[in-house]
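K.L.:
Use the sequences and the hints to build the structure in full.
Protein chains in written order, with our numbering: chain A, 536 to 894; chain B, 5 to 468.
Not one of these hints is a red herring.
Below, simulated DSSO-like cross-link-like pairs (lysine-lysine); rule was C-alpha separation at most 27 Å, straight line:
id: 1; chain 1: B; residue 1: LYS106; chain 2: B; residue 2: LYS131
id: 2; chain 1: B; residue 1: LYS158; chain 2: A; residue 2: LYS565
id: 3; chain 1: A; residue 1: LYS823; chain 2: B; residue 2: LYS135
Sample of chain B residues facing chain A (criterion: CB under 8 Å; computed from the structure):
id: 4; residue: SER24
id: 5; residue: ASP26
id: 6; residue: GLN42
id: 7; residue: ALA45
id: 8; residue: ASP100
id: 9; residue: LYS102
id: 10; residue: ILE127
id: 11; residue: ALA134
id: 12; residue: ASP328
id: 13; residue: SER330
id: 14; residue: TYR331
id: 15; residue: GLN333
In short, the hints are calculated from the structure, not lab data. All C-beta atoms in this analysis are idealised placements derived from N, C-alpha and C, irrespective of residue type, glycine included.
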Amino acid sequence: MLKDYLHKIKLCAACPKMCRFACPVAEVEKKERVTPWGKSLTAFLVLEGKLSYDDPDVVDTFYSCCMCKNCKSYCLVDDVDIPAMIQAGREEIVAAKKEPEEIKQFLVHFKEFNNPFGKDLKTPHPSLSPEGRGGLSDVLYFTGCSTLLDKDIFNSTINLFNKTGQGYSIFSDCCGFPLWASGYAEDARGLMAKVKEAVLSSGAKKIITSCPACAYMLKSIYPAIGFNLSAEIFHISQFIEILAKEGRLQFSRKSDIDTAYHDSCFLGRYLNIYDAPRNILSELAFLKEAAKKKEYSICCGAGLYHFKPKTAKGITDIALENIKQADAKQMITACPTCKRIFSEALADEISVKDLTELI
Amino acid sequence: MKLHEELKNILGPDSVSVSSVDLITYSRDNLPLTIFRQRQAKAAYLPDAIVWPNNYDDVTKILKFANEKKVPIVPYGAGSGVCGGAVPLKGGIIVDLKRLDKIIAVNDKSLLVAAQAGINGQILEDKLNAKGYTLGHFPASIYCSTLGGWLSTKAAGQLSTRYGKIEDMVVALTAVLPTGEIISTKAVPRTSTGPTLMHLFVGAEGTLGIILDAVLRIWPLPEQRETKGFLFNDVKSGLEAIRLIMRKGLRPAVIRLYDEKDTALAMGSLGLKTEKGLLLVLGFVGNKSIVETESKEGFKICVEHDAKELGKDAGEFWWKHRYDISYKQAEILSEETAILDTIEVAATWDNLNNLYEGVKAVLDNYGYAMAHFSHAYPEGACIYFTILGEAPSEDEAEGFYKKMWDEVMQTVINDGGTISHHHGIGFFKGEWLKKELGNGFDLLKKIKGAVDPNGIMNPGKMGL
Ligand SMILES: Cc1cc2nc3c(=O)[nH]c(=O)nc-3n(C[C@H](O)[C@H](O)[C@H](O)COP(=O)(O)OP(=O)(O)OC[C@H]3O[C@@H](n4cnc5c(N)ncnc54)[C@H](O)[C@@H]3O)c2cc1C
Ligand code: SF4
Ligand code: SF4
Numbered sequence: 536m537l538k539d540y541l542h543k544i545k546l547c548a549a550c551p552k553m554c555r556f557a558c559p560v561a562e563v564e565k566k567e568r569v570t571p572w573g574k575s576l577t578a579f580l581v582l583e584g585k586l587s588y589d590d591p592d593v594v595d596t597f598y599s600c601c602m603c604k605n606c607k608s609y610c611l612v613d614d615v616d617i618p619a620m621i622q623a624g625r626e627e628i629v630a631a632k633k634e635p636e637e638i639k640q641f642l643v644h645f646k647e648f649n650n651p652f653g654k655d656l657k658t659p660h661p662s663l664s665p666e667g668r669g670g671l672s673d674v675l676y677f678t679g680c681s682t683l684l685d686k687d688i689f690n691s692t693i694n695l696f697n698k699t700g701q702g703y704s705i706f707s708d709c710c711g712f713p714l715w716a717s718g719y720a721e722d723a724r725g726l727m728a729k730v731k732e733a734v735l736s737s738g739a740k741k742i743i744t745s746c747p748a749c750a751y752m753l754k755s756i757y758p759a760i761g762f763n764l765s766a767e768i769f770h771i772s773q774f775i776e777i778l779a780k781e782g783r784l785q786f787s788r789k790s791d792i793d794t795a796y797h798d799s800c801f802l803g804r805y806l807n808i809y810d811a812p813r814n815i816l817s818e819l820a821f822l823k824e825a826a827k828k829k830e831y832s833i834c835c836g837a838g839l840y841h842f843k844p845k846t847a848k849g850i851t852d853i854a855l856e857n858i859k860q861a862d863a864k865q866m867i868t869a870c871p872t873c874k875r876i877f878s879e880a881l882a883d884e885i886s887v888k889d890l891t892e893l894i
Numbered sequence: 005m006k007l008h009e010e011l012k013n014i015l016g017p018d019s020v021s022v023s024s025v026d027l028i029t030y031s032r033d034n035l036p037l038t039i040f041r042q043r044q045a046k047a048a049y050l051p052d053a054i055v056w057p058n059n060y061d062d063v064t065k066i067l068k069f070a071n072e073k074k075v076p077i078v079p080y081g082a083g084s085g086v087c088g089g090a091v092p093l094k095g096g097i098i099v100d101l102k103r104l105d106k107i108i109a110v111n112d113k114s115l116l117v118a119a120q121a122g123i124n125g126q127i128l129e130d131k132l133n134a135k136g137y138t139l140g141h142f143p144a145s146i147y148c149s150t151l152g153g154w155l156s157t158k159a160a161g162q163l164s165t166r167y168g169k170i171e172d173m174v175v176a177l178t179a180v181l182p183t184g185e186i187i188s189t190k191a192v193p194r195t196s197t198g199p200t201l202m203h204l205f206v207g208a209e210g211t212l213g214i215i216l217d218a219v220l221r222i223w224p225l226p227e228q229r230e231t232k233g234f235l236f237n238d239v240k241s242g243l244e245a246i247r248l249i250m251r252k253g254l255r256p257a258v259i260r261l262y263d264e265k266d267t268a269l270a271m272g273s274l275g276l277k278t279e280k281g282l283l284l285v286l287g288f289v290g291n292k293s294i295v296e297t298e299s300k301e302g303f304k305i306c307v308e309h310d311a312k313e314l315g316k317d318a319g320e321f322w323w324k325h326r327y328d329i330s331y332k333q334a335e336i337l338s339e340e341t342a343i344l345d346t347i348e349v350a351a352t353w354d355n356l357n358n359l360y361e362g363v364k365a366v367l368d369n370y371g372y373a374m375a376h377f378s379h380a381y382p383e384g385a386c387i388y389f390t391i392l393g394e395a396p397s398e399d400e401a402e403g404f405y406k407k408m409w410d411e412v413m414q415t416v417i418n419d420g421g422t423i424s425h426h427h428g429i430g431f432f433k434g435e436w437l438k439k440e441l442g443n444g445f446d447l448l449k450k451i452k453g454a455v456d457p458n459g460i461m462n463p464g465k466m467g468l
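P.N.:
Quick look at the structure:
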């Protein structure tokens, strides 16, 4: 509940807005209320009964966050955590049925195929036919939905498993992140319960994801709501590092293409995984770093496209400006969503690939 | 037609708001008095509308409209000002300039950048750094302030002794008058063509017009940095070392002396471990051989004044944590009765210690008072006091706070200092500005009357 955050909200509302320049939403929209400070002040005044969720701009403020956590990288104030506070606010807004129309539509759209893309992702996927699922294994490749949308990432990951003799089974439902992040805690919970059952019955001991948001959900949010998956969670970049260390994977020839790496918010700021992708990448290409990297990396904007496309596009542009400063010929991500957003925005200007596609 | 409807007709719906949450988030700046009200869930000063102009034409249209209707205009950068300059004291329209945030041009040969007023300080610096330059302007609020705010408050950065204050950096600017005319001054190194019109807007706190863009000096990124910490025994010897360093013509980037309490509490809270004493941070940046020579000379002067050398680690500690103290405001000012403020005054060397002792004696009655000496000149220096106190009760906080300020301001005037070295006046120090300027204030008023006959520009600020 929002009131659980009251102390931190008060702290942040008294801050001189130190992290404001790092908040991509604030940098695009330029309104005080969408700065991290503005969000806290809004929350404070809601808790004090001076503002309410009846006001569409109050609601808009809670949804004007791409949950990128960049504010946290610049915050030195006693554990203030804006995305967590925003999440609590969104859940209250949904409970009061005051969420914006676009968010309601998003739920309807999601429920059609249980993914945010509004289409059946599984039927057209030949590798998901029962015979393509690999044998029974205690390693579960958890594709979630966004990896399923990107055949190149999916196929290169499967090839990697095959090449290294890694047995695997596949699970390809959405992890629940889009619902959870939109404030639909109950709907998310329902979906997550099914995921949990399926994962438990698969007997998986290790779960590997390509999508950092899936990894974060499985690692942090599932246990936080009491869903224990009894398995270790790995992002594929971590797993590749293990395969290489065990001598099961030799990297192909190193190319001399200048390559920029983009840290996804969830892989980086949420899961603290910065080195694994860089270690792998430096074996495969010539790594050139952007000015803002690691915990200061700029969000791709994905979290806002379904609600505020104009703002989201502005955020993507800021992130691209940063990446372009590295003056690289190709850009590598380790997140299917970042890859999708950047490839759409860049067209053929710079090629965008997932880490696994280089192997 | 209602104000916001008229504004929407002029600017389009995306650039205007009158929603409660927008109005409240523009009801204060960083003047602690306004934060006291916020922590009681009260809006300090509510505007009638907020507008976000997208281009210069939008600004002109808003000003012409407001001038005709005689509606107050409050220019707004990022609201980090600490004197109530950007608060809508008399309601009216907040003109948030942050959408004017482009770097217009970088001129390598002449070392100039032209940028729009609404650009955030750190973003400007980052973009310059990416091209191999620095502006050299590093206020502790660099993350949360704008170029237009810097110019309008006559701000000073932490490395001001090396790179100058904002008024030394600005070469030309463009501003809109309340009547809608745009004035652009020429970007030339210097000009002997009458009083410098540009300087009419530098430090004017939005009372004469709105700054749209400026041309500023930039520098190649420094090759080298040498910084050491020293521990002095008393204020006098620390100040004497600074005076001699400046007298010798050295140009340190950082030259700051923290008094004993500031060293213990402020630097201590950031994690610096030292014995009892006064920390002096002395640092040089720039060309390698110049830095080597200057730092040798500067460090020698400190040692000659019985300072204990703390070495490079203490120097680098300062660089690493140089903005960190600003975050402490959150913890302190969120407490119901807490008082926290900074008061930056300046005087010549012959008067500096006197001013320091005088103000400190006042502040000691109001809480834990500490100070550091920063922004040194051959002729004197700035004293930056921090006061950490507690009002008798939540409702008495404002009275307690105002009384403290009045006593301090009177002391500064009595002791021959200036009431503000770089924060400006806002509405809060307006009455004291009159005392500071004497009949100079009448001239300021006449200028204001001529430029802004309807008094729409930021009314109530700077005593105008
Ligand atoms: C934590 C912290 C640290 C600070 N450290 C320093 C420091 O080291 N050095 C220093 O000098 N100051 C410092 N300040 C004070 C403050 O940051 C400066 O005064 C800064 O210049 C204000 O910029 P802003 O963009 O936030 O302006 P605002 O607060 O929005 O506005 C300040 C004044 O300028 C006017 N204004 C703003 N933009 C324009 C424009 N384009 N045209 C005309 N008028 C305009 C406003 O009406 C107002 O009167 C600090 C403040 C904080 C909170
Ligand atoms: S998130 Fe932290 S740094 Fe940002 S405004 Fe809040 S308290 Fe300040
Ligand atoms: S999480 Fe990202 S978008 Fe949200 S307030 Fe923080 S910086 Fe802004």
